[in-house]
Amino acid sequence: MPDAEKQTVVIADPDPDFLSWAAKHLGAKKVEILTTSRADEALKLFTEKRADLLIAELHLAPFDGVDLLKRVRQSFPNAMVLLNGAISSTNTLIEAMR
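43 is the number of the first residue of the sequence shown in our numbering; add one for each residue after it.
Some clues are possibly wrong.
Listed next, the in silico PhoX-like pairs over lysine-lysine satisfying Cα-Cα at most 20 Å (straight line) [unchecked claim]: (1) 48 to 71; (2) 72 to 91; (3) 66 to 48; (4) 71 to 112; (5) 91 to 112; (6) 72 to 48; (7) 91 to 71; (8) 86 to 112; (9) 91 to 48.
Quick list of simulated restraints, FRET-style, between CB atoms [as the list claims (entries may be wrong)]: (10) 103 to 71: 27 to 35 Å; (11) 71 to 109: 29 to 37 Å; (12) 133 to 62: 26 to 34 Å.
In case anyone wonders, no lab produced these hints; they're calculated from the structure.
Keep in mind it's a predicted model, so treat the numbers as computed, not measured.
Quick reminder that beta carbons are idealized off the backbone N, C-alpha and C, glycines included.
Modelling step: build the complete structure from the supplied sequences, incorporating the hints.
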């Protein structure tokens with residue numbers, strides 16, 4: 043990707059304080075930060091903006107971060123996605139890794 047091109051990061055998290063912090067501190071001259079508290083909106087933003095990175099909390103609505111990852115990967119198999127959050131079960135961790 044050329045240096046002059048702006049990169050887009052979508053961040054999905056249910057915590058409005060974290061989203062405010064992320065928008066303020068993670069942005070840069072050539073990095074656009076888009077935030078949302080909803081998984082469906084994150085999917086829409088990622089798709090419409092052809093984002094370079096998705097950072098998502100596992101616990102989102104109306105579907106969780108693992109489902110968001112699956113939906114993004116259906117259209118963008120090589121998408122860069124980072125899931126974060128407290129994982130309460132090994133099954134969730136295994137599902138996210140698939």
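Now for the hints, and whether the structure bears them out:
{"no.": "1", "hint": "48 to 71", "verdict": "holds (8 Å)"}
{"no.": "2", "hint": "72 to 91", "verdict": "holds (15 Å)"}
{"no.": "3", "hint": "66 to 48", "verdict": "holds (17 Å)"}
{"no.": "4", "hint": "71 to 112", "verdict": "violated (30 Å)"}
{"no.": "5", "hint": "91 to 112", "verdict": "holds (18 Å)"}
{"no.": "6", "hint": "72 to 48", "verdict": "holds (5 Å)"}
{"no.": "7", "hint": "91 to 71", "verdict": "holds (17 Å)"}
{"no.": "8", "hint": "86 to 112", "verdict": "holds (14 Å)"}
{"no.": "9", "hint": "91 to 48", "verdict": "holds (11 Å)"}
{"no.": "10", "hint": "103 to 71: 27 to 35 Å", "verdict": "holds (33 Å)"}
{"no.": "11", "hint": "71 to 109: 29 to 37 Å", "verdict": "holds (34 Å)"}
{"no.": "12", "hint": "133 to 62: 26 to 34 Å", "verdict": "holds (32 Å)"}
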